[in-house]
Amino acid sequence: MMLQLALDTVGLKDAKHLLHEVRDVIDIVEIGTPLIIKEGVGAVRKIKNISPFLKILADLKIADGGYYESQLAFEAGADIVTVLGNSENATIESAVLKAKEFGKAVMIDMINVMDVKTRASEVEKLEVDYICVHTASDVKSTKAPPLKELQTVKKVIKKAKIAIAGGIDAASIGSIVKENPEIVIVGSWITKSKNSREASLAIKKIMTSG
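Here our numbering is used: the first residue of the sequence shown is 88, the next is one more, and so on.
Treat the hints as calculated values from the structure; they're not laboratory data.
Hints may contain errors.
Claimed, not checked - Label-pair ranges, simulated between beta-carbon atoms:
id : residue 1 : residue 2 : range
1  : 108       : 269       : 22 to 30 Å
2  : 111       : 184       : 30 to 38 Å
3  : 292       : 205       : 31 to 39 Å
4  : 239       : 136       : 24 to 32 Å
5  : 125       : 223       : 38 to 46 Å
6  : 110       : 279       : 26 to 34 Å
7  : 126       : 279       : 17 to 25 Å
8  : 296       : 184       : 34 to 42 Å
Claimed, not checked - List time: in silico PhoX-like cross-link candidates among lysine-lysine, alpha-carbon distance up to 20 Å:
id : residue 1 : residue 2
9  : 204       : 242
10 : 281       : 265
11 : 148       : 187
12 : 148       : 248
13 : 135       : 103
Only a predicted model underlies this, so the values are computations on that prediction, with no experimental measurement involved.
Ideal placement from N, C-alpha and C gives every residue a C-beta, glycine not left out.
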């Protein structure tokens, strides 16, 4: 089980500082959508340069132009790129094709997918590497992390790996760990903590202790 740190609303300078504090604790660093919008895809390269041993996920949330947009991320050093689960199958297929050319991976973001059971089965057939169940940040104050969606997807997929994201903290991580997803994605609970290192260590301890 891997811990992915989502760098969303932090600037590049703060992101570098955070990584200095936690890079020996986390397994994957996510260059979040807001950070990419603010700094450009070059942020992927800059983070890769200071943490070359970490896997880098570029959260592009691709909705169209899968082949070209994923290429931008992979050329910048991303190991994984995200494509929206609601996008056309052709978009997903083209991103997967480009990922194979680079020896990299595609994660499908199931944010706002109404029928996760059906769609997870469909996208797995497109040879994606990861399927991520995801509670949107705009509703996480009223909705819990997507534990039920995680359980649903686990039952239907056979090969793709599972990730979970959205409002995960020390209080919710225990029930998530019991479902054994391959990737647990934590953002603001670590990045907005007074002590990001202690926060990340607390999460990782629960993940490793089961």
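Structure-based check of each hint:
| no. | hint | in the structure |
| --- | --- | --- |
| 1 | 108 to 269: 22 to 30 Å | 24 Å, holds |
| 2 | 111 to 184: 30 to 38 Å | 35 Å, holds |
| 3 | 292 to 205: 31 to 39 Å | 36 Å, holds |
| 4 | 239 to 136: 24 to 32 Å | 39 Å, violated |
| 5 | 125 to 223: 38 to 46 Å | 19 Å, violated |
| 6 | 110 to 279: 26 to 34 Å | 18 Å, violated |
| 7 | 126 to 279: 17 to 25 Å | 19 Å, holds |
| 8 | 296 to 184: 34 to 42 Å | 40 Å, holds |
| 9 | 204 to 242 | 8 Å, holds |
| 10 | 281 to 265 | 28 Å, violated |
| 11 | 148 to 187 | 18 Å, holds |
| 12 | 148 to 248 | 18 Å, holds |
| 13 | 135 to 103 | 10 Å, holds |
The earlier numbered hints that this structure contradicts are 4, 5, 6 and 10.
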